[in-house]
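Residue numbers (this note's numbering), protein chains in the order written: chain W, 1 to 112; chain L, 1 to 115.
Heads up, a few of these hints could be off.
[Stated by the list, open to error] Chain L is nowhere near these chain W residues, computed Cβ spacing over 10 Å in every case:
id : residue
1  : Ile7
2  : Gly16
3  : Leu19
4  : Ser24
5  : Asp27
6  : Asn32
7  : Gly43
8  : Thr45
9  : Gln54
10 : Gly60
11 : Leu62
12 : Asp67
13 : Lys99
14 : Gly103
15 : Gly105
16 : Pro112
[Claimed, not checked] Calculated cross-link-like contacts (lysine-lysine; reagent style BS3-like; alpha-carbon spacing at most 27 Å):
id : chain 1 : residue 1 : chain 2 : residue 2
17 : L       : Lys57     : L       : Lys14
18 : L       : Lys14     : W       : Lys68
19 : L       : Lys14     : W       : Lys1
20 : L       : Lys14     : L       : Lys78
21 : L       : Lys78     : W       : Lys42
22 : L       : Lys78     : L       : Lys11
23 : L       : Lys78     : L       : Lys57
24 : W       : Lys68     : W       : Lys1
25 : W       : Lys42     : L       : Lys11
26 : L       : Lys57     : L       : Lys11
27 : L       : Lys11     : W       : Lys1
Simulated from the structure, these hints should not be mistaken for lab results.
For glycine and all other residues, C-beta sits at the position ideal for the given N, C-alpha and C.
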Amino acid sequence: KQEVTQIPAALSVPEGENLVLNCSFTDSAIYNLQWFRQDPGKGLTSLLLIQSSQREQTSGRLNASLDKSSGRSTLYIAASQPGDSATYLCAVITDSSYKLIFGSGTRLLVRP
Amino acid sequence: GAGVSQSPRYKVAKRGQDVALRCDPISGHVSLFWYQQALGQGPEFLTYFQNEAQLDKSGLPSDRFFAERPEGSVSTLKIQRTQQEDSAVYLCASSSSTSGRNEQYFGPGTRLTVT
Chain W
1 KQEVTQIPAA LSVPEGENLV LNCSFTDSAI YNLQWFRQDP GKGLTSLLLI
51 QSSQREQTSG RLNASLDKSS GRSTLYIAAS QPGDSATYLC AVITDSSYKL
101 IFGSGTRLLV RP
Chain L
1 GAGVSQSPRY KVAKRGQDVA LRCDPISGHV SLFWYQQALG QGPEFLTYFQ
51 NEAQLDKSGL PSDRFFAERP EGSVSTLKIQ RTQQEDSAVY LCASSSSTSG
101 RNEQYFGPGT RLTVT
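Input sequences plus hints: build the corresponding full structure.
Here you go:
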């Protein structure tokens, strides 16, 4: 059974700092991996999607990497801003399915 | 509309009441998903539709939960005889692919509180 874990559960950093969020999954047979952002009381906004054949994806100040063999992904946020404060969720779709399997998220606070 | 919409955004129900939650997917999206998100947790899969066909309902927690998508567009998640453990945010997502394995786009969710 696929399980997704995110570390740390919460993170507080000063504005301007570069930071890394971690995601690990137990079954390396994944179809793709997505990183989402969730603001309080809001739905999920897709940030980056990495297909299983890819190693990384970039969008603006965000860079996500994928290492299937080790069951890990990282989300790198450069030059963090208070507006980046949110919960970041990692989710995978396994090769045999279509269901997104989520981690519990990392709550990020960027202090001005 | 441009994105997935859900209504109502908030619902308070007394224990034992029936509730109906609506999802309007992105126009033309074939695949539709429902997820349940408990406080402080990631969303968990409930059910999957491809057009009007409910292909997977393995995540529905009990037979009090029922979902439909009769015309292959709007979907309704119904919960009968609500219990306190049903309190959660219910998220709907849609995808353009018939396999449902492309990017899923989420609505804002319905926060259900059962008192």
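Of the hints given before, which are not true for this structure? Result: hints 6, 7, 8, 13, 14, 15, 18, 19 and 27 break, sorted rising.
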